[in-house]
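Listed in order, the protein sequences are those of chains E and X.
Going by our numbering, the first residue of the first sequence is number 1, and it counts up by one from there.
Going by our numbering, the first residue of the second sequence is number 581, and it counts up by one from there.
Be aware that a few hints might be false.
As the list claims (entries may be wrong) - In the EDC-like style, the derived pairs of lysine to aspartate or glutamate whose C-alpha atoms are separated by at most 20 Å in a straight line are:
(1) X:Lys646 <-> E:Asp209
(2) X:Lys642 <-> E:Asp303
(3) E:Lys331 <-> X:Asp633
(4) E:Lys331 <-> X:Glu638
(5) X:Lys642 <-> E:Asp325
(6) X:Lys642 <-> E:Asp336
(7) E:Lys316 <-> E:Asp293
As the list claims (entries may be wrong) - Here chain E is said to cover these stretches of chain X; the calculated rule only asks that three of the stretch's residues, wherever they fall, bring their Cβ under 8 Å from a Cβ of chain E:
(8) 590-600
(9) 629-641
(10) 646-652
Just so you know, these hints were derived from the structure itself, not from any lab.
These numbers were taken from a predicted model, which means no experiment stands behind them.
The C-beta atom is built at its ideal place from N, Cα and C for all residues, glycine as well.
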Amino acid sequence: MNTQKVDVMPEAGSASPDAEQPRKSMTGAQVLVECLKREGVEVMFGYPGGAVLPIYDALFDSNIRHILTRHEQGAIHAAEGYARVTGRPGVVLATSGPGATNLVTGIADAHMDSTPLVVFTGQVPTDMIGTDAFQEADILGITMPITKHSYQVRDARDIPRVVREAFHIASTGRPGPVLVDVPKNVSNQMVEFEWPEEVSIRGYNPTYDPNPAQVARVMEAIRQSRRPLLYIGGGVIHSGASEELRKFVHRTGIPVVSTLMGLGAFPSDDPLFVGMLGMHGTFAANRAVMECDLLIAVGARFDDRVTGKLERFSPKSKKVHIDIDPAEIGKNVAVDLPLVGDVKRALQAMLPEAEPVDTREWLAQIRRWDAQWPLSYKKEPGVLKPQQVIEMICEATAGDAVITTEVGQHQMWAALFYKFRRPRQWITSGGLGTMGYGFPAAMGAQLAAPDQRVICIAGDASFQMNIQELQTVAEHRLPVKVAIINNGYLGMVRQWQQLFYDRRYAESRISAPDFVRVAEAFGVRGIRAQTPEEAREAIREMLADPGPVVVDFVVPEEENVFPMVPPGAGTDEMIGRWDD
Amino acid sequence: MRRILAVLVNDQPGVLARVAGLFSRRGFNIESITVGAAEEPGLSRMTIVTSGDERTLEQIIKQLHKLVDVIKVNDLTDEPMVARELVLVKVTANAATRPEISHIIEPFRAAIVDVGRNSLVVQATGDIDKIDALIELLRPYGIKEIARTGITALLRGSLARVRV
Ligand SMILES: Cc1ncc(C[n+]2csc(CCOP(=O)(O)OP(=O)(O)O)c2C)c(N)n1
Ligand SMILES: [Mg+2]
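So that you can see chain E by itself, here it is in the shape it has in the complex (with noise of 0.2 Å):
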């Protein structure tokens, strides 16, 4: 221990002011589990390996809680999850070569949807690097394009100075994924702890402070609009702006919109809340943003399955967009007001000044739109159909569950049906659109919040991407649900099919194990239910049931999600049911 000390500090001995009090020697495994403790990490998920076995061993003395999932990309989607509940970064911890190609799903689609995360990864050690060694992949450069930052540590005494900035960029500014890779050798080397108080960043100061006199003109284009309409977006979760959009909306009067990101930011029961717009949204939502004079994009991104055709968005309005990401303005669609800062304090700097606008004319129109063609599914007699599964959900749980979704048909009508009331209670991903989200993610979210009822709305092909993790859940006897809209298909390929291949079902159809027996199997309930009344009563059995369990809600083949923008076409150009 004492001949390690010296070799790495070799003036140890000398006058310096530290030499009366040596602080004792770690490892840089156990530094860095002293890091994650000081950052504040309860939980965490991962999977060991070789590369790792260092910082595993430091783990094992630390009350972290590790959650061992069955495979890393459970690991790091349920840290997703558990981001997106609390706010906070998830970590993640997995070994060189493969344990770390694993995550690269996981931290692309915490990339796209401004997701805080901290991914560890185990690297083989530095001298080994660049010689195709045994478990070596290159995770630094093959996440490169999909992190918001990363580092490769190459001195244990770094180590505290990087997990801090690693835990800062992740979350503060514009969210996202921050990957720290870890040579063996680094986890093994004896150095001294030595905390860094403070972080401070040359390259990264995020801006979060709007420009006042930009704040005043966005005012004066309110005062000036006669049909304005806010356009929501996730980043108001990630700025937790929540309280300050609903006083904003409520003391103008502005009709809102929001994508499928920023679902929940705003009470979806409140008079002012008009839809989801975009490909799947609402008729009155996209017609909305259609017509409006005055588009305020808050927290959101101008998105391909937002806009549709660029060209045909949202056409007579003139353009604020309020977001701390300032690549983001004016990257998609070219805007006249931009409000580059935090959103919540965008609008506390909007607050003061906000007065009613009359929209009443504008919001009797609104109303018109969405009589006309209302969101709707018909339903008939003994047959238990998707759309009415969410509701029945929403009905169960009073609209209050944390909902996450895997990819798909399921995903829009969870989005469409369920009517959420607040912030971080809808998880889905929506950037990169990842099957095999949705059931992980929601052991992350029960994991953040243990109290609160946790459902993932699956589709029978998602389900399957990650149905492994059925064990973690059964371990842990995580009261989480699974709602499977099994339709027998990859049903959305299939819509698309339908409508734009001439129903040419080219490897769309899908077969499934008995999922009630696959739960069983894993010691998890399994329930089916096939009609309507089934379906009542197994979701009050899921419910009253405090553990895990698994539903497969056997529904028609052939539904489709409507309305829909088709791909390439305006927001002006939806099909809905109203068609047929």
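Starting from the known structure of chain E, fit chain X with the ligands onto it as the hints suggest.
Only chain X with the ligands this time, still in chain E's reference frame:
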């Protein structure tokens, strides 16, 4: 339109890959890129020559700013600046053409830095247009190889804005 960006970055492993990767994945074009130590220890200066419309350029600059290792981005194009590159051109030359070539390159303040049996190596520095012009003049003699460094550039001092 051609643009010259001066980018001050942390001298960190991988920083060139971050910058170059950003250009390629967002479909931005790089005409040339040069990197070297900057005046402050720990920092490097990159000079990137790129092209695109105003909107693309705005995106490039904003995306560069998002990189944590990028400290500062300056668009030098419309600023008073000095932009220079160095070129080495190996030209076919024999006893007959050697004096001719040496005569041609004189106004460019270029130098012959190597003489071989069948070739010469010409060295010149200047802005892109000057180098292009020199190459065009040498082309008829037969160019064997060209090595260009790409532009490196600095803002001019605020007092003495004299073209040299
Ligand atoms: C990892 C991944 N692979 C492929 C896709 C393309 N994709 C989008 S939706 C979908 C079908 C999903 O089927 P299912 O989970 O049963 O949901 P459904 O649409 O039937 O509700 C597919 C294959 C994807 N989004 N993610
Ligand atoms: Mg399906």
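Structure-based check of each hint:
| no. | hint | in the structure |
| --- | --- | --- |
| 1 | X:Lys646 <-> E:Asp209 | 17 Å, holds |
| 2 | X:Lys642 <-> E:Asp303 | 18 Å, holds |
| 3 | E:Lys331 <-> X:Asp633 | 13 Å, holds |
| 4 | E:Lys331 <-> X:Glu638 | 9 Å, holds |
| 5 | X:Lys642 <-> E:Asp325 | 9 Å, holds |
| 6 | X:Lys642 <-> E:Asp336 | 18 Å, holds |
| 7 | E:Lys316 <-> E:Asp293 | 5 Å, holds |
| 8 | 590-600 | holds (count 5) |
| 9 | 629-641 | holds (count 3) |
| 10 | 646-652 | holds (count 6) |
Comparing the model with each earlier hint shows no violations; every hint is respected.
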